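Participant: Chain residues, written in single-letter form:
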Amino acid sequence: MTDLSGGYEGEYPIVVEGLRNAFGEHVIHEDLSLRVRKGEVIGVVGGSGTGKSVLMRSIIGLQHPTAGRVEVLGHDMLQPHEEAGIDIRSRWGVLFQGGALFSTLTVGENVEVPLKQFYPEIAPDLRSEIARFKVRLSGLPEEAAYKYPSELSGGMKKRAGLARALALDPELLFLDEPTAGLDPIGAAAFDSLTRELKETLGLTVFLITHDLDTLYAICDRVAVIADRQVIAVGTIPELLALDHPWIQEYFNGPRGRAALAAKGDPEVESAMDSTGKTGA
Amino acid sequence: MTNGDTVHRSRGTTCRSTLFPSIRAGMRDYAEFTLSESDDGSVRTLALKGHLRVFSLGDLDARLRPLDGQFQRIDLSEVTDIDTTGAWLVSSYARDRGIETTGASEQARRLFAALGNMQENEAEPQPRPSLLMRTLGDVGNVMIGWGNGFLQSIAFLGELVAALFTTLRHPSRLRGTALVHHMQYVGINSLWIIGLMSFLIGIVIAQQGAVQLEQFGAEIYTINLTGRLSMRELGILMTSIMVAGRSGSAFAAQIGTMKLTEEVDAMRTIGVSPMEALVVPRVLASMIMMPLLGFYSAVLSIIGGAFISNFALDIPFWTFLQRTQEVVPITDVWIGLIKAPVFALIVALLGCYQGMQVSGNAEEVGTRTTQAVVTAIFTVIVLDAFFAIFFTEIGWK
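Chains as they are written, first to last, in this note's numbering: chain A, 24 to 303; chain B, 4 to 400.
Okay, chain A solo, but in the shape it has when bound (with noise of 0.2 Å):
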């Protein structure tokens, strides 16, 4: 892994070393390190098929890779300890690509599961009082909560997922494209949910995304990950200033000029103008 922003001396909630995850003779990664910092929203990016979704299934535990260490807010996630694995589980939330929601409860219910599995003096009518205060923090008109989730669209089962993930105010959050799917509206509400999140709760934001929007407005460092590794990890012009040809595809196409026209950031435009003359 290469750290373009370095000095960093804090706290790393999640730290990945040498993991290889291989599904028979297909390798997905090999010795992949990352290091996320405390209070920082991470954006992973990658072409289709190299292993983000997987990267964040070894980091929660759904994926056992065959080799490396995984740890999360100091725990090893590779050693199973029955105490510190609820611990964690309480401390983080998870948003899946397509929501995950329980199909058989309201989206109310599924805010629920969490506080009632972690929290269980909490009364039943301060339960289902919180569980809709989440689902309008996470934009949704508060009768969404009596619904459910095959009666919601695509993008509204992302934002109960995200009021699922955000029940109990965790310390970490790992969001798998959230914002695909989301109209544009939607995808910006989004992003400064996030972002607000994150500042008042110093939340730390492992996030996996396509859209160059949201990498641009919330991420404060990138993690590219090609070649079975995270080949770089830094903020965008940091990663603008390295001659990869992925790199520079992604975010010099015609996309990432959108995207940063519409961002109008002086310092990742210098940066780019000078790869440009360089690459040329």
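Treat the hints loosely; a few may be bogus.
[As the list claims (entries may be wrong)] Result set (DSS-like, lysine-lysine): computed pairs, CA atoms no more than 30 Å apart in a straight line:
#1 A:K170 x A:K139
#2 B:K52 x A:K61
#3 A:K139 x B:K52
#4 B:K52 x A:K221
#5 A:K139 x A:K221
#6 A:K75 x A:K61
#7 A:K75 x A:K221
#8 A:K170 x A:K221
#9 A:K61 x A:K139
[To be verified] Stretches of chain B that chain A covers, calculated by requiring three or more beta carbons in the stretch to come under 8 Å of a beta carbon on chain A:
#10 48 to 61
#11 83 to 91
#12 105 to 114
#13 358 to 364
These aren't lab readings, by the way, just hints derived from the structure by calculation.
Only a predicted model underlies this, so the values are computations on that prediction, with no experimental measurement involved.
The beta-carbon is built from N, C-alpha and C at its ideal position, and this holds for glycine as well.
For this one, chain A is given, so just place chain B on it according to the hints.
Facilitator: Coordinates of chain B only, in the frame set by chain A:
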């Protein structure tokens, strides 16, 4: 521009769990509060203390309720940390009762501001009707559901017949591979279990029948009993029940899952008729295999009877089989073979129909699969009773 000076490997540092103290160890102190007079004695203040977070709320809400109206101010200066749930609880409590809050930290003020921007469109939960009304409503809904289900399954049968005619007119549109695959699944793969079941049932009929017939010295009629019952009724009936449990349920679950994942919708948009692609091969495969399975089952049941007679009744095995040929009329075989495709149609049709009715969630797949099996077995038994009377009336006794 390589930016070489900022490139460095960060390896070797470890993070100990002391950096991230567990919530359960130590931090789990419930939020507390005290009620006091202000300095001039005019404003009563509720001072909240400690963590105001989802894990420390406990029954704070319930403990505050009896104090309603006893204070006019909430003091947050002793709150060590707060999250969205805590902020929401305080701000909505204060807003609903027109109480002011003081001493909010920077973090708390930001959270209040963020929550303030949120639109307050609290929907009233729908009122719950009384038990009587709910019971009556449920009964009504179930009756309507039965009526609609009956009509819809007739309509489904009609669609199937239309699709079968289309297949007859254009035989090239019949999915041969799917047909053979389902024939194997319905027929070949169930040979072992149906064979074993029939053999055992043959043993039971012969043995129990012999005990009763022995009382008036008519053990020899055990052969008639076993042979005719197996060929006429039990072979095909037991096979239908087994196929309903094995294949009818599988049809419902397969098609139901495809409905959930929108595969069936995708087929329609591509111009593939789900009726032709999914239902016709399954129904045809069942109708082809069921007569064979029914006959096979009857034969094994007779062998089971012969096997037990050999030991319990002193009728030798081969004599039992020879005598069976003499006492079982050919019409009994026909009755079994005529009923088989009809039962197969019912089992496969109801399986596919229930699968197609799945919508919404995973639980529905389970419910529909159960319904497919239960309705199929029930319908088969009802029809079998009609067949029994019908064949007796036309003189096939």
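Participant: Which of the listed hints are not met by the structure?
Facilitator: none
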